[in-house]
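> Just so you know, we're using our numbering here: the sequence shown kicks off at -9 and counts up by one.
Any given hint could turn out to be false.
Unchecked claim - Dumping the calculated DSS-like pairs for lysine-lysine here, alpha-carbon to alpha-carbon at most 27 angstroms:
#1 29 to 19
#2 5 to 29
#3 0 to 19
By construction, these hints were calculated from the structure, which means they are not laboratory data.
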Amino acid sequence: GLLHISQITKQRNAKVEDYLNRGQEVEVKIISLNKDEKKLGLALTELMEAKETAEDAE
């Protein structure tokens, strides 16, 4: 699927290339599903925040 820049980082005017490489595989969270248009909304930021919270709890 496609991952929008706003779901990669919360920094404005960021470049995708500063965070990811072309073809790089990443784990994402599905945040929305539109069956009619067959589209998934994906987020990397929410998954990263959840992992950071889990690490802080340890």
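> Look at each hint and say if it fits the structure.
To see whether the hints hold, each was checked on the structure:
1. 29 to 19: Given that 27 angstroms is the threshold and the Cα spacing comes to 14 angstroms, the pair holds.
2. 5 to 29: holds (23 angstroms)
3. 0 to 19: Holds: residue 0 and residue 19 sit about 16 angstroms apart, inside 27 angstroms.
This entry satisfies every hint, going by the numbered hints stated previously.
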